[in-house]
Amino acid sequence: MLTIKNLHAEVDGKKILKGINLEIRKGEMHAIMGPNGSGKSSLSSVLAGRENYTVTEGEVIFEGKNLLDLSPEDRAREGLFLAFQYPVEIPGVSNLHFLKTALNEIRTYHNLPPLESKEFLKLTKEKQQLVDFNANLMNRSLNEGFSGGEKKRNEVFQLAMLDPKLAILDETDSGLDIDALRIVAAGVNKLRNADKAFMVITHYQRLLEYIVPDFVHVLYNGQIVKTGTKELALELEEKGYDWLKEEVHQKESV
Amino acid sequence: MRNSNEIIDDIANREYEFGFTTDIEMEMAPVGLNEDTIRFISAKKEEPEWMLEWRLKGFQAFKKMQFPKWQHFEMPELDLQKLSYYAAPKKKKQLGSLDEVDPELLATFEKLGIPINEQKALAGVAVDVVFDSVSVATTFKAKLQELGIIFCSFGEAVRNHPDLVKKYLGTVVPHSDNIFAALNAAVFSDGSFVYIPKGVRCPMELSTYFRINAENTGQFERTLIIADDNSYVSYLEGCTAPRRDENQLHAAVVELVAMDHAEIKYSTVQNWYPGDKDGNGGIYNFVTKRGICKGKSSKISWTQVETGSAITWKYPSVILQGDDAEGEFYSVAVTRNRQIADTGTKIYHLGRNTRSRIISKGISAGFSDNTYRGLVQVGPRAANARNFTQCDSLLIGDRCGAHTFPYIESRNSTATVEHEATTSKIGEDQIFYLNQRGIETEKAVALIVNGYAQEVLNQLPMEFAVEARKLLSITLEGSVG
Chain H
2 MLTIKNLHAE
12 VDGKKILKGI
22 NLEIRKGEMH
32 AIMGPNGSGK
42 SSLSSVLAGR
52 ENYTVTEGEV
62 IFEGKNLLDL
72 SPEDRAREGL
82 FLAFQYPVEI
92 PGVSNLHFLK
102 TALNEIRTYH
112 NLPPLESKEF
122 LKLTKEKQQL
132 VDFNANLMNR
142 SLNEGFSGGE
152 KKRNEVFQLA
162 MLDPKLAILD
172 ETDSGLDIDA
182 LRIVAAGVNK
192 LRNADKAFMV
202 ITHYQRLLEY
212 IVPDFVHVLY
222 NGQIVKTGTK
232 ELALELEEKG
242 YDWLKEEVHQ
252 KESV
Chain S
1366 MRNSNEIIDD
1376 IANREYEFGF
1386 TTDIEMEMAP
1396 VGLNEDTIRF
1406 ISAKKEEPEW
1416 MLEWRLKGFQ
1426 AFKKMQFPKW
1436 QHFEMPELDL
1446 QKLSYYAAPK
1456 KKKQLGSLDE
1466 VDPELLATFE
1476 KLGIPINEQK
1486 ALAGVAVDVV
1496 FDSVSVATTF
1506 KAKLQELGII
1516 FCSFGEAVRN
1526 HPDLVKKYLG
1536 TVVPHSDNIF
1546 AALNAAVFSD
1556 GSFVYIPKGV
1566 RCPMELSTYF
1576 RINAENTGQF
1586 ERTLIIADDN
1596 SYVSYLEGCT
1606 APRRDENQLH
1616 AAVVELVAMD
1626 HAEIKYSTVQ
1636 NWYPGDKDGN
1646 GGIYNFVTKR
1656 GICKGKSSKI
1666 SWTQVETGSA
1676 ITWKYPSVIL
1686 QGDDAEGEFY
1696 SVAVTRNRQI
1706 ADTGTKIYHL
1716 GRNTRSRIIS
1726 KGISAGFSDN
1736 TYRGLVQVGP
1746 RAANARNFTQ
1756 CDSLLIGDRC
1766 GAHTFPYIES
1776 RNSTATVEHE
1786 ATTSKIGEDQ
1796 IFYLNQRGIE
1806 TEKAVALIVN
1816 GYAQEVLNQL
1826 PMEFAVEARK
1836 LLSITLEGSV
1846 G
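As you go down the protein sequences, you meet chains H and S in turn. Position in the first sequence counted from 1, then plus 1, gives you the working numbering. Position in the second sequence counted from 1, then plus 1365, gives you the working numbering.
One chain only, chain S, in its complex shape (with noise of 0.2 Å):
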């Protein structure tokens, strides 16, 4: 018998494809948005009263809440009346590895090529299936569990550690915090649950993929990390999408909570199915993610590299509210041919001596726009936080454009807050040069791409970091000539 370690494994040798679909018998949720919905969801994961009760409030919310409107772009019509709010691979039984995982499900992994470094000792690497909308099988969990992490479904969680789900749910994003929120809090489906200990450092990434596989539905998975005094985790998140012909909503929530000394390190490899080259399909990825470093000098990092998805919409966020506490975004969003990116970061410095760092890298091609937003607001109590922010554009063509919305707002005259922005294109000069030396138009983009990126890449764990840049690479081939 093969153990996961070579599942997982083989699934990582695979090449990067992601338009296909799974034949699997699913189980869905009737379309529509209601009440019926809400408890149907909650009945079919047998959640506790008080979960549903979770659910109903974030609805209430969701109710009187209207589509925001400053993005710097054009809001698609979502009907969300037309969607199906709970889709799941029909299959009752408590899974333990992968062995027991149906074998249709596995060759969709395969297919996938779950974004792990196969060379590596795979050893270290604990995953976290996410299939439209359950969690399938949490590997490693036993070697976990001696150190007394809890890594887990979302849906395992409220059923086996409801006193911690119950003491951090929606502290960091409340149920009523953004329409998009609001509805998640209402019709999660499942997502992630991760806590580490007092003084342990988790020994291995922990790593979940996200996978939309059914038509018409929505993914709305939520992940909760709480980091206790003392510990380290790092957690990687990784998604794919079949191409569909109409747009799909992905509408996540994340909340990380680093208490003192705790640190979070949180990285995104995003490939959602981007829609075609005219711009019809793709997937909707409007997420919400924010931590807190409540305790003083933890620190918080995201790192995103988004290469997918129809519309990305998002910024990441970090509460400084611990005094020495650190936050860092690192990010690098691709988007060609009618791509839309408009993310960014929050960045609130509430504690003494917080800091903060932003790093963002804006790669667009074809007709795309992309777009950096960002905030950086310092409290009165805030003395001596800091902050520097870079952000650069690079164009590839001369149809895309770029935008940067930075905005500062300091109440401690003794904080300081630096902003860097740049502007590039990828010249014809560089493209020549490297031509000259042998390497072919596509390949020389590739590199002077990784390039650009390469500060970011090199805040992702190496194995992720080796996909990223064939990630980016298959990305943007065909965008120049």
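Here chain H stands alone, though its shape is the one from the complex (with noise of 0.2 Å):
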């Protein structure tokens, strides 16, 4: 599904990726992990298409496509979705006015006609239950006034209502407390299907004890250092990250 191959870019002629090299197939769950500054949320950012990163080489093939010739709108309506570390607040623009926006303009560039109110009434109503998100804040304006759990949530529910092919979570559990935690996971381990992949960037190994992912990289100073299943994830939580580093420094100078 994404095939990430030698990977550099940079912010404001700084160096944040260097050389990564990333395969991800339907159905998978990969979680990436890694110290602060390491990089990950520079990768989602690329990924998404943010402007102010500028790709320097490699290539990333997303579904067949060469996903960095498309615009941000065009990565999102090909099915790649990236739930916000930070979600925007956008006053006076009603959640559910804003999803079906986004979700028609999606069909639009697949070819379908716009979901009918009625018909996604009905699908705001399951997937709303589906994720456990709280209907009274359908009607709110989009994340303006959220409690940073709402906030994460609503990124949640946004990923449920779009239906994507490839979902990137971006910290999605910092700032939760336990409970907000194990609901967002609980809604994420309802959209796992065979035909969607995610990629899971965290800081800890928390999060993974609900999201149980099939491949855990490590990022570091750029590049993923390190791969394993979950319980490489287990070992980062007990000894932390600064054997990596030094494992990395060592083969740097040899």
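These aren't lab readings, by the way, just hints derived from the structure by calculation. Just so you know, even glycine gets a beta-carbon here, dropped at the ideal spot from N, CA and C. Among the clues, some could well be false.
Below, simulated PhoX-like cross-link-like pairs (lysine-lysine); rule was C-alpha separation at most 25 Å, straight line [stated by the list, open to error]:
#1 S/Lys1835 with H/Lys119
#2 H/Lys101 with S/Lys1835
#3 H/Lys166 with S/Lys1808
A few chain H residues facing chain S, derived, Cβ under 10 Å [stated by the list, open to error]:
#4 Ser46
#5 Pro73
#6 Arg76
#7 Leu81
#8 Tyr87
#9 Pro88
#10 Val89
#11 Ser95
#12 Glu106
#13 Met139
#14 Ser142
#15 Gln159
#16 Leu163
From chain S, some residues computed to sit far from chain H (all C-beta separations above 10 Å) [what the hints assert, rightly or not]:
#17 Trp1415
#18 Ala1426
#19 Glu1511
#20 Leu1529
#21 Asp1643
#22 Ala1748
#23 Phe1753
#24 Gly1766
#25 Lys1790
#26 Leu1812
#27 Pro1826
Fit the two chains together into the complex; they arrive one by one in their own frames, and the hints show the way.
Here it is, written out as structure tokens:
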């Protein structure tokens, strides 16, 4: 589904990604871990097409298409979804109106007719229950006055509504208390299926107790320095990142 | 035969497009401004002597006045001698319904797309159409007449309801109020007149549609609305003008009078031609709008969505004379390219327990300048007066300007006056967020702007709100990027 080859990127002339290689297939759950400033969130920004990131080398193939040639909105329409670490507030625009606009933009792109209001509301209700999203928040302005947890849960609700092929969760667990974390994880687990892939970016192993990954990658200094299974996450939890950093530096000095 | 409902329905169905002109034989006054011009207009309109006298008084006042200098923009050179002050479709016959209107003219309205939502039952809308200077048709007159409501062109009111006109004309905006109001008093061409009798709630939105068509003309319409005790009326006004290289002057006057417990809601969607991207051409929209809450517990509410005109310069105001009276001003002003807006409101609290609320949303893009200027004045008798003002500015790009000049003068210590102001930019983060959900940048901006203006748009009658939303989106197309 997604193939990242030797991806280099910079922001404001500063090198952030230094040769990422990653293959994600349908149905897989990948966790990206790593210390602060290792490039985890930059990777998600580059994949989603944030403007101030410049790709200097490498390629990204998403469902047979060269992802880097597509505009951010076309990447989304092709089925790439980013659950933001810091979801923005848009005053005066209702959550539902926004979602309907987004859904219909995506449908139009795929030559599908826009959803009738009735069908849309039916879908809304179904997904809201599926991911246990507070129905009162649906008619409120998009994220305006939402608590941190509500914003994150709204991201998962949107993910359920837009039904992408690949969902990137950028530190969706940050700022959540344990109850909210469980609800968010349960929502994500319900959305897992054989056709959908996930890339979960997180600092902590905690989230991975609830969302069990098939692969764990450690990003450090703009590169994936280690790949393993969920046991790797446990090892990191126990030992921290320092041993990995040392390993990398030893290799470099050889 | 199609009835006028269907025609309006049709008109409303069409795309918004305003840059065309209509070839209709026009009757024009000779170019220039002098007493003869005024006599010519008055004679053309077969006015009684008192009306001519009033015009001449206005002209005398005008001659003594200078253009103001306090505005926040460079005053363009206006040669008022080069304008023609009267232009009317050549047609003498009295028009009863839209069916009788020149088909060319109707075709124009079709292209204009009168801002009414066609899906709504149009039985609820009465339209008075002012084409250049003459009101060509007023629909639904008969139905309104049954309730004793008078809704007609100003000219007709002068002929058929002289006592009402004489009683109220110039009582809110005197003939010598300011130079443009004086000019209007002298040369006003036509406009609308509304009278709602005691105890009557007008069952439909009254609507006027203005259009400047002819070259080298100014449009000087005059609107007078009187809501008698315990009555209610909602009035809508929409405007467009064709694309022309030279500037055209629009100096209208609107007077509102609300008696005891009466309420007037006045909504404007202004989309006059704004000029090209370099600032050539466009309408100078210099308008005086003022209402007086004369009676106790009366209410006047202005809502405006201003997207057009090269320069928009106006302050729809409310004088809260009656005790417990209430005034409101809701405004969205959008400027782009080289457009200028210097707009806001003035609220005069004279009566006790009077309340006012001002919500202004300025949106500037391109090289434009958007100014909010507002005055809240509390008189010595206005015990417990309350005002709340919020004025927000939204900037798109970094070459435009937003300015706020709030004036507060309180002469009563029991009054409460609140002022809040914010300035924000459409964030790249907001746009990227929407992009990431499959929404392209242009739509994203439209969504953000509509959300920003929501509080004001909510004040508009439903069918107008739909149009205004579309207009906001269209206006800002190409402003980002």
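So, going through the hints one by one against the coordinates:
no., hint, verdict
1, S/Lys1835 with H/Lys119, "holds (23 Å)"
2, H/Lys101 with S/Lys1835, "holds (17 Å)"
3, H/Lys166 with S/Lys1808, "holds (24 Å)"
4, Ser46, "holds (9 Å)"
5, Pro73, "holds (4 Å)"
6, Arg76, "holds (8 Å)"
7, Leu81, "holds (8 Å)"
8, Tyr87, "holds (8 Å)"
9, Pro88, "holds (7 Å)"
10, Val89, "holds (5 Å)"
11, Ser95, "holds (8 Å)"
12, Glu106, "holds (4 Å)"
13, Met139, "violated (15 Å)"
14, Ser142, "holds (7 Å)"
15, Gln159, "holds (7 Å)"
16, Leu163, "holds (7 Å)"
17, Trp1415, "holds (50 Å)"
18, Ala1426, "holds (44 Å)"
19, Glu1511, "holds (38 Å)"
20, Leu1529, "holds (42 Å)"
21, Asp1643, "holds (28 Å)"
22, Ala1748, "holds (36 Å)"
23, Phe1753, "holds (18 Å)"
24, Gly1766, "holds (22 Å)"
25, Lys1790, "holds (13 Å)"
26, Leu1812, "violated (6 Å)"
27, Pro1826, "holds (19 Å)"
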